[in-house]
Amino acid sequence: MRSGIFTSGTRTTRWVAAGAAMALAGLLAGCGSGGGGADGGTITAYVYGDDAVKVQQAAVDSFNKTSDVKVKLVSVPGTDYVNKLRSSMGSPSAPDVFFNWGGGSIKPYVDSKDLVDLTSTVKKDATLKDGFLPSVMTAGSLDGKIYGVPMRGMQPVMLFYNKTLFAEHKLQVPRTWEDLQKAITTFKAAGITPFALGGSDKWPELMWMEYLLDRIGGPEVFQRIQNGDTDGWGDPAVLRTAQTVRELIDDGAFGKNFHSVDYGNGGAPTLLNKGKAAMHLMGSWEYSTQLGKAPEFARNDLGWTAFPTVAGGVGDPANVVGNPTNYWSVNARTKHKDTAIAFLRTMASKTYAQALVDNGDIPTTSDAASMLSTSPNPEFANDQYQLVQKAPSFTLSWDQALEARYATPLLTEISKLFAGTTTPEKFVEAMKAAE
Amino acid sequence: MPLHTPAKRHGDGRAAVGNVGRPPVGWAVPGILFFAVFAIVPLAIAVYLSFCDWDGLDSPTLTGLDNWTRLFKDSEFGQAAWLSLLLTTISWAFQTPVALLLGVWAAGRQRSRAVLSAIFFIPLLLSTTAIAMLFHALLDPNFGVIKEIGPWIGIDPNVMGSSTGALLVVAFVGGWQFMPFHTLIYQGGARQIPEVLYQAASIDGAGMVRQFFHITLPQLRHTMTTSSVLMIVGSLTYFDTVLIMTKGGPGTDTTILPYLMYRTGFQSYDLGYAAAIATALVVVATSLSLILVRFSGFGSMRSTREGM
Chain Z
1 MRSGIFTSGT RTTRWVAAGA AMALAGLLAG CGSGGGGADG GTITAYVYGD DAVKVQQAAV
61 DSFNKTSDVK VKLVSVPGTD YVNKLRSSMG SPSAPDVFFN WGGGSIKPYV DSKDLVDLTS
121 TVKKDATLKD GFLPSVMTAG SLDGKIYGVP MRGMQPVMLF YNKTLFAEHK LQVPRTWEDL
181 QKAITTFKAA GITPFALGGS DKWPELMWME YLLDRIGGPE VFQRIQNGDT DGWGDPAVLR
241 TAQTVRELID DGAFGKNFHS VDYGNGGAPT LLNKGKAAMH LMGSWEYSTQ LGKAPEFARN
301 DLGWTAFPTV AGGVGDPANV VGNPTNYWSV NARTKHKDTA IAFLRTMASK TYAQALVDNG
361 DIPTTSDAAS MLSTSPNPEF ANDQYQLVQK APSFTLSWDQ ALEARYATPL LTEISKLFAG
421 TTTPEKFVEA MKAAE
Chain B
1 MPLHTPAKRH GDGRAAVGNV GRPPVGWAVP GILFFAVFAI VPLAIAVYLS FCDWDGLDSP
61 TLTGLDNWTR LFKDSEFGQA AWLSLLLTTI SWAFQTPVAL LLGVWAAGRQ RSRAVLSAIF
121 FIPLLLSTTA IAMLFHALLD PNFGVIKEIG PWIGIDPNVM GSSTGALLVV AFVGGWQFMP
181 FHTLIYQGGA RQIPEVLYQA ASIDGAGMVR QFFHITLPQL RHTMTTSSVL MIVGSLTYFD
241 TVLIMTKGGP GTDTTILPYL MYRTGFQSYD LGYAAAIATA LVVVATSLSL ILVRFSGFGS
301 MRSTREGM
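For the record, the sequence lines run as chains Z and B. So the first sequence is numbered by my numbering: it starts at 1 and just counts up by one. So the second sequence is numbered by my numbering: it starts at 1 and just counts up by one.
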């Protein structure tokens with residue numbers, strides 16, 4: 001369900017598949033330009049292939065009914081997406097429009113001048129300018145410039161919990177750091193792991209770093225790092241974040257064996273739905289994951305809330321981290337820029353937002369609130385939408401906000417910090433020194 | 001005059017033998033072409049890339065020895081090299097004795113041998129990915145079989161979460177999969193040993209253990225070299241199991257060279273540096289095989305049946 005770079009699955013086969021897919025894409029692009037003479041041409045759009053593709057396909061079909069230039073949607077299987085996109089962007093068969101995560105995921109393409117700067121287009125166009133939640137629009141931009149238009153649902157990271165366990169132990173849902181400490185102590189005494197954590201996948205550990213740093217130092221600290229200043233890792237708030245992580249681990253907040261628990265194969269979610277763990281910090285897709293694995297539990301016992309405050313922190317507790325949404329970006333070499341932008345405008349439409357809602361997603365359009373009552377779970381949908389709408393800042397997941405060449409070492413260092421093979425001080429040093 | 005005849009005949013004979021034994025060079029062309037396109041050329045490109053900075057998007061730019069100086073200073077590369085060496089040693093020490101004994105046993109004519117041999121062979125038929133996922137599920141600390149039986153047999157259920165444990169698991173899973181292959185090699189080797197040697201030994205009063213150490217082992221010397229070279233090169237390029245089971249973790253404690261190369265190349269897109277790691281790996285694996293072949297006397301192709 002999660003349309004993230006780190007979605008489960010093996011990557012061993014990816015390059016083989018990417019090669020085959022490239023050949024296919026070349027073929028498709030060839031057909032496109034060949035048949036383009038009479039009816040005005042075709043543009044190709046790459047999309048991350050998962051359950052939500054049917055929503056984009058419907059949008060493409062209705063767009064093609066009125067447009068002279070047709071859009072051709074190519075669904076690339078999720079695990080192959082990043083590499084496929086990367087290898088085709090350097091080739092003549094590059095897509096005209098493509099799905100991405102904003103931020104660092106498009107940084108290399110911005111650097112190689114492959115993307116259309118949409119800033120002035122969006123500013124002049126009321127539909128695009130006011131159509132989406134401001135925090136979502138900013139989160140995907142780079143150096144203050146807009147390169148993408150939101151096209152899928154939001155995926156904020158939330159604190160999920162087991163309602164029954166909280167009731168049994170007469171605990172309040174944690175809103176402050178003291179609540180959190182009390183919950184940890186109580187659950188530990190009862191032999192329950194306070195927080196499920198899929199440590200072997202690495203990215204679930206990243207979520208803890210993201211929220212802790214946001215609560216301790218505010219979103220500005222990471223913003224500085226995202227803008228390319230590696231000295232930003234030297235901010236005292238980063239060290240405190242790393243130290244807090246160590247304290248949580250030493251206090252047994254994640255239990256003893258989280259290093260070998262995963263998310264992808266269902267390790268951590270099962271801990272939560274079997275009542276072996278009380279809480280789980282995870283992206284909003286956790287709800288649909290639980291609905292698939294343990295429907296009874298998801299409907300009756302699964303609770304959700306915002307990340308609590310951290311004592312002495314300066315960050316606004318209303319801030320959110322996660323994946324604001326996914327974006328469409330436009331290739332600078334496209335022959336049909338106007339068509340591409342016209343297609344992007346349909347993303348702000350009510351019809352499209354409604355289609356997302358019906359698929360169980362929460363659109364990031366500014367008028368989505370009224371549609372959420374038709375969502376499969378209106379309560380969850382509403383809470384999630386409110387959380388994001390009220391958030392002064394929505395920090396994009398670090399592994400997607402940073403370029404891959406910084407994000408991969410970051411994940412490694414965080415994994416070492418959680419495994420105890422590096423200290424908070426060494427973590428800061430290693431990140432500052434990252435090339 | 002008659003003296004010349006034998007010499008001439010000898011010369012003719014040699015020419016005839018030469019014609020029979022050596023097919024024209026043309027026969028090798030398809031093989032050489034295939035090897036060049038799929039091995040030599042990519043290798044040459046990798047070596048070239050190791051002197052470049054390349055993110056896979058723009059053209060590679062030459063940066064001289066930058067990647068190589070970085071390689072020798074990189075503590076992560078040092079750790080990965082050490083872990084690779086460790087994994088290779090553990091794998092060899094684990095697989096060789098078991099495969100040797102199984103192979104020698106399977107070369108015999110006992111009852112039910114064929115059935116058992118077929119069963120032992122099964123792991124080799126499964127895909128590495130399937131095996132890795134299977135063991136991953138078995139070793140899940142909360143829901144895997146290990147949680148139930150681990151404490152009984154003295155294994156911590158969190159074995160995948162500890163540095164040593166994770167490396168041993170990787171070595172074990174690799175061994176479990178490839179042991180049947182080496183068993184097969186040893187079986188073939190053991191079948192080649194002439195029966196007369198054992199008969200002679202029996203007459204001299206040598207028991208089974210003595211026969212094993214004084215006939216079987218020395219006769220299997222070349223088999224052992226072949227199997228060891230394959231094991232060492234295999235362990236050095238071992239990758240899938242690490243990717244699926246540990247992702248190089250906990251921390252970086254199972255990040256062996258091939259995984260480091262993959263992470264650098266296909267996750268960080270630092271393809272120049274990844275090429276340097278790959279080239280280093282090729283150099284190390286080739287040197288190790290050459291050393292092994294030289295010191296075991298395998299290269300000189302001396303027969304184990306001299307004097308027979």
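Bear in mind the hints are in silico, worked out from the structure with no lab data behind them. Here a beta-carbon is modelled for each residue, glycine too, at the ideal position from N, C-alpha and C. Hints are not guaranteed to be accurate.
Computed beta-carbon distance windows for the label pairs [unchecked claim]:
id : chain 1 : residue 1 : chain 2 : residue 2 : range
1  : B       : Thr63     : Z       : Asp229    : 54 to 62 Å
2  : Z       : Trp177    : B       : Leu101    : 57 to 65 Å
3  : Z       : Val314    : B       : Asp156    : 37 to 45 Å
4  : Z       : Lys274    : B       : Leu134    : 15 to 23 Å
5  : B       : Ile155    : Z       : Val314    : 52 to 60 Å
6  : Z       : Glu379    : B       : Leu230    : 54 to 62 Å
7  : Z       : Arg345    : B       : Asp58     : 30 to 38 Å
8  : B       : Ile155    : Z       : Arg333    : 53 to 61 Å
9  : B       : Ala39     : Z       : Asp229    : 25 to 33 Å
To spell it out: a stretch of chain B is covered by chain Z in this simulated footprint if at least three of its residues, at any positions, have a beta carbon under 8 Å from a beta carbon of chain Z; those stretches are [unchecked claim]:
id : stretch
10 : 89-97
11 : 218-232
Exercise for the section: Would you list, in rising numerical order, the hints stated earlier that this structure does not obey? Expected result: 1, 5, 9, 10 and 11
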